[in-house]
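Sequence order for the protein chains is A and B.
Per this note's numbering, the first sequence starts with residue 4, numbered consecutively.
Per this note's numbering, the second sequence starts with residue 4, numbered consecutively.
Bear in mind the hints are in silico, worked out from the structure with no lab data behind them.
In this text the structure is predicted, and so the values were computed from the model without any measurement.
Among these hints, one or two may not hold up.
Which copy is meant is left open, because identical chains are indistinguishable; a pair holds if it fits in one copy or across any two.
When the alpha-carbon atoms are kept at most 20 Å apart in a straight line, the in silico EDC-like pairs for lysine to aspartate or glutamate are as follows [stated by the list, open to error]:
#: 1; residue 1: 114; residue 2: 288
#: 2; residue 1: 173; residue 2: 118
#: 3; residue 1: 173; residue 2: 42
#: 4; residue 1: 173; residue 2: 242
#: 5; residue 1: 250; residue 2: 212
#: 6; residue 1: 173; residue 2: 38
#: 7; residue 1: 173; residue 2: 138
#: 8; residue 1: 247; residue 2: 42
#: 9; residue 1: 173; residue 2: 117
#: 10; residue 1: 56; residue 2: 30
#: 11; residue 1: 15; residue 2: 101
#: 12; residue 1: 56; residue 2: 24
#: 13; residue 1: 15; residue 2: 117
#: 14; residue 1: 56; residue 2: 241
#: 15; residue 1: 15; residue 2: 26
#: 16; residue 1: 114; residue 2: 289
#: 17; residue 1: 250; residue 2: 38
Protein chains: 2
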Amino acid sequence: MSVAAYASPQLKAALKEISAEMDRRFDALLPIPNDPRADLYRAMRHATIGGGKRLRPLLVFATARLFDVARDAAGRVAVALEAIHVYSLIHDDLPAMDNDDLRHGKPTVHKAFDEATAILAGDCLHALAFEVLADPATHADPFVRAELIADLARASGPSGMAGGQAMDLKADGTRFDLNTVTRLQQMKTGALIGAAVEGGAILGRVPPEGRRHLRGYAHDLGLAFQIVDDLLDVEGDEELAGKKLRKDGEQGKETFVSLLGVERARQQSRMLVDQAIDHLRSYGEEAELLRAIARFVIDRRG
Amino acid sequence: MSVAAYASPQLKAALKEISAEMDRRFDALLPIPNDPRADLYRAMRHATIGGGKRLRPLLVFATARLFDVARDAAGRVAVALEAIHVYSLIHDDLPAMDNDDLRHGKPTVHKAFDEATAILAGDCLHALAFEVLADPATHADPFVRAELIADLARASGPSGMAGGQAMDLKADGTRFDLNTVTRLQQMKTGALIGAAVEGGAILGRVPPEGRRHLRGYAHDLGLAFQIVDDLLDVEGDEELAGKKLRKDGEQGKETFVSLLGVERARQQSRMLVDQAIDHLRSYGEEAELLRAIARFVIDRRG
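Start from the sequences and build out the full structure, keeping to the hints where you can.
This is the structure:
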């Protein structure tokens, strides 16, 4: 999978650096113990090290950069966000859910190990995310830590990512309209993308009212990202994507593409990216990486 | 299931009151939404309302009482602890794990709903636990909230509950010795029992060094509890227990009973309860509920 091939040089460099940093951080976080939990840790390492777009970590860093946040703090928040994202992928891939064999070009966790290990590896990454955020090393001020945790729990729970996934479960039985699909995707992927951007801003001690533009950026970026995902599911290359495609159509699920058609969906994603970038108008050069991410989201091929 | 039938009058009253309070809190926390997530919420309600020993909430309240903690704060910590406990039961009961059909005398979540809903209901309760703790309503001081969260994440993650469960997965293939079984159970059930007691003490602003005796109490109580669980698995009544028994023997798992024999296991549980109560010697009347819980743990029949 070569996601970076379609990115700007600045974004390409940032992606490479952040991917390496995430690998290093997960490696340090997950030393294989010399006891019967070895497979559990191997499973968590399999899922977290050496793969993935690292979009959420990138968003944490790109936002943190606006507010001169300490690099290590951003890295810890980024690894927590990514741990939540990866746990959700592990569980989503399970036979009872999406039943996928391939993820990031590798066997899914329940294929490489077994279902029980995959369930527990997801649960452990879920807990580890909060353990990392609650650690004083993330931020000296407990108020900031508590706010990061509240935000991540909300974004990943029944009103966010997991709630969106539960709606998605019902999507093949019911005809969802555009409003419902939008809300579903807003929860399923948008909430965590929002938490990544908010995480950078919380570390920068930006009060909630000062995060309005960033929330707008994240909202439009998240929707654009999902529309492109739906387009890639129809038109994409399985090898570049590193996962099985053309599933939504087979399952009879409504998507942005099935509801809008390819052309209008593409237009919509472009409009959302323009809007996302427009939310950043009060920022200067320091927001260039956030802008590059937005442009990349619609140019990507995997 | 009539757990309370074997408890002291004081404990019986406390159990009844706390069970009702937990039901009320989960009811308020989980209103069924008028959207495709309705089943997800029904599944969470099925698992959290109207069942369970509520041992962990009881321990939070009994410890909080030592330090004049506000009732509502203890209730919120108790509900978070119980949400984590219940999520772990939902996932443990899945076909890929223990494959249980019955829990607290009711169908398990994947039986009453389906596997995908059970996986997500567990994930959502997991996130909700941290959302509840991170909320300023739990404690005005963010330091206390962050400490509660760090403690719960540690107790439920790969070094605690979920790690113990991962060890347990390997228990039917390997012959575990007494040390390994002790460590496994220490993680699988002891860690969360410890977090319940620590939670009450953290709310009481007891510094870590001042919690040593309470940690000793929780450690011994947790082991005694597990030994009695192993005894009940061999000798217990399935109806009182509200779940399938005699599984450890069928699966060839080593337990305290298989390693020590029934008589020595029972002696050991009595000794541990005496030790647990002895850890409370510096407390007076206010610790009577904690003592009653310890005595109840070995007298229970389900």
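Structure versus earlier hints - violations, ascending order: The structure conflicts with hints 1, 4, 5, 7, 8, 11, 13, 16 and 17, although it agrees with all the remaining ones.
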